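Asks: Next come the chains, spelled out residue by residue.
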Amino acid sequence: MTGVGGGAVCVAEGVLVEPRAVARVAAAATRRVAGVVGLEPTLTGFVVELGRRVRDVATGREAADPVDGVRVETTAGGQSVVVTVALSVGGRSARDVSVDVVHGVREALDRQLGVRVDRVEVVVVDVALIPPEAAEEPGAST
Amino acid sequence: MALNRGRLARSGRLPCGHTIDSLWERVRSGASAVPDEHVARCRHCQTALEGLRALHAATEELAAEEVSAPPGLFDRVMRVVRTEARRGDTVPLVTGPDPASVSTTAVAAVVRFAVDTLPGQRLRARRCRVQAPPGTVDVLDVSVEVLSPSAAEWDETELRRRIAAVVSAHVGVRVRRLELDVVPLEPGEEAR
Amino acid sequence: MADSAADVVDDATLATRAADGDTTAFEMLLRRYSDRVFGLALRMLGDRAEAEDVAQEVFVTAWRRLAELAEPGAVRTWLFRIAHRHCLGVLRRRRDRRTDPVEELPETGGRAVGVGAGGVADPARVAEAGAGVEALRRALGGLPPPQRAVWLLAEVDGLSYAEIAEVVGASEQAVRGRLSRARTRLAEVMRPWR
Chain A
1097 MTGVGGGAVC VAEGVLVEPR AVARVAAAAT RRVAGVVGLE PTLTGFVVEL GRRVRDVATG
1157 REAADPVDGV RVETTAGGQS VVVTVALSVG GRSARDVSVD VVHGVREALD RQLGVRVDRV
1217 EVVVVDVALI PPEAAEEPGA ST
Chain B
981 MALNRGRLAR SGRLPCGHTI DSLWERVRSG ASAVPDEHVA RCRHCQTALE GLRALHAATE
1041 ELAAEEVSAP PGLFDRVMRV VRTEARRGDT VPLVTGPDPA SVSTTAVAAV VRFAVDTLPG
1101 QRLRARRCRV QAPPGTVDVL DVSVEVLSPS AAEWDETELR RRIAAVVSAH VGVRVRRLEL
1161 DVVPLEPGEE AR
Chain C
-10 MADSAADVVD DATLATRAAD GDTTAFEMLL RRYSDRVFGL ALRMLGDRAE AEDVAQEVFV
50 TAWRRLAELA EPGAVRTWLF RIAHRHCLGV LRRRRDRRTD PVEELPETGG RAVGVGAGGV
110 ADPARVAEAG AGVEALRRAL GGLPPPQRAV WLLAEVDGLS YAEIAEVVGA SEQAVRGRLS
170 RARTRLAEVM RPWR
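Chains as they are written, first to last, in our numbering: chain A, 1097 to 1238; chain B, 981 to 1172; chain C, -10 to 183.
Source of the hints: derived by calculation from the structure; they are not laboratory data.
If you're wondering where the values come from, they're calculated on a predicted model, not measured in any experiment.
Just so you know, not all the hints are guaranteed correct.
What the hints assert, rightly or not - What follows is a set of in silico ranges between Cβ atoms, one per label pair, in the way DEER data are often shown:
no. : chain 1 : residue 1 : chain 2 : residue 2 : range
1   : A       : Arg1116   : C       : Ala38     : 46 to 54 Å
2   : B       : Gly1010   : C       : Val(-2)   : 43 to 51 Å
3   : B       : Pro1050   : C       : Ala56     : 26 to 34 Å
Said to hold, decoys possible - Per the computed footprint, the stretches of chain B lying under chain C, defined by three or more beta-carbons under 8 Å from a beta-carbon of chain C, are:
no. : region
4   : 1082 to 1091
5   : 1101 to 1110
Just so you know, even glycine gets a beta-carbon here, dropped at the ideal spot from N, CA and C.
In isolation and in its complexed conformation, chain A is listed as follows (with noise of 0.2 Å):
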């Protein structure tokens, strides 16, 4: 889900950034980092309902969405923005792997939207399991 409200984010005089091209550059750059298993669209806020329709809700467009999970909020005209990130991590401790996110989504958009963002927010949503020899670290006995 973009836009919430507000409208077009202000990067400069006159200079207009959708909020879906912000939420786009945040997916990509979350998916970037080591350790995210993927977004996870519980940020569009859909209402799951009982019946027939859950069918559709369930395997309908939101799916398929390239920003689930990312939620770009602009107030004051496009002065101020907030991203929150949603998503699964493994293999990596989620708070490693949440940092990071914050640096990579800071930096993909001032590179390539020049966005400078007020906030970013990082949910994790799922911890992915490995194997458990895998996650113990030295000095967990055995």
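Given the structure of chain A, go ahead and fit chains B and C onto it with the hints provided.
Replies: Chains B and C in isolation, oriented as in the chain A frame:
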């Protein structure tokens, strides 16, 4: 006709006094059924047995049919489940201008995984609660119910160390307080 | 280390975890019981699409209400109970809706295993393989739904009287009565297929 609708059929009792259910048991037990002189000669019983034998044969065939749920069912249900699971609580991973958080259900799954995979043991984690103590950063309080076969011998310290290590590796936070509720599991109790 | 049988996580553990929000545990329950729940719905309703909808509703409802399940070890009968209720609801709506005097034909050919909406099969098909099952399906379709449900739970799913009573919300005595009546009716219809 013995099996005609109406009072007799509804009561499940034939005019000769035998019940449909007792005849059904005879059919079900097949050759092992104790021979019964009355049943062998009674036309009511014989008529009923004919129908019950046909029913039994068809029933076995019906029960043996393999029914598979449609392939899409699994994905549709799980998509709903995963979406709804994510609306749950989160605990902070990073605080500051760019905050990060992780869902408590994801952390609980990591804790259960650590318990279940304690090497050489067959422990089962059940209920698990994860909380962030107020005013703290990247530490968690965890409580978990652990089912253990009653004969099993394992070191609680080792399990504690393991949970801490696995949570640290997968989540990246420290477990501050770990409450283990060990429930002994008697042999044969597993199915419940 | 552990043998495969012991590695199977028991229902109570899975149900407890799923009630806690563990999606992996729920996934295992879904894998374990989706065929049986779908099968019950299919044989109750005789319609694949409706059975699929019911199975979907059963599991989504189960996911949302697992925390209310007092005894997690009884999750299997609990799933059947939800399925039973949904099936009777579908049949009730189907009956209320039916203004068209022409009955829909049940699915018969191929792998369909539903029951028909009643009626008598053609005895000329006796020679065909599976004709007995076919006749049974039709006969089941002619039973009142509560009898059909009890019969399927007992004979196809192998539930005990106590479990069936739990599933359908009736006394064990009532279950025995329904089962007996169902057997009587079915035996009568099945006699030509002996």
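Asks: So the hint says 43 to 51 Å: do the beta-carbon atoms of Gly1010 (chain B) and Val(-2) (chain C) match that?
Replies: With Cβ atoms ~37 Å apart, the hint is violated.
Asks: If you look at each residue in the region 1082 to 1091 of chain B, do at least three have a Cβ nearer than 8 Å to any Cβ of chain C?
Replies: holds (count 4)
Asks: For Pro1050 (chain B) and Ala56 (chain C), compare the CB-CB distance with the range 26 to 34 Å and indicate the outcome.
Replies: 28 Å, holds
Asks: For the region 1101 to 1110 of chain B, do three or more residues have a beta carbon lying closer than 8 Å to a beta carbon of chain C?
Replies: holds (count 6)
Asks: Taking 46 to 54 Å as the hint, is the beta-carbon distance of Arg1116 (chain A) and Ala38 (chain C) inside that range?
Replies: 37 Å, violated
The structure is inconsistent with the numbered hints 1 and 2, although it conforms to all the rest.
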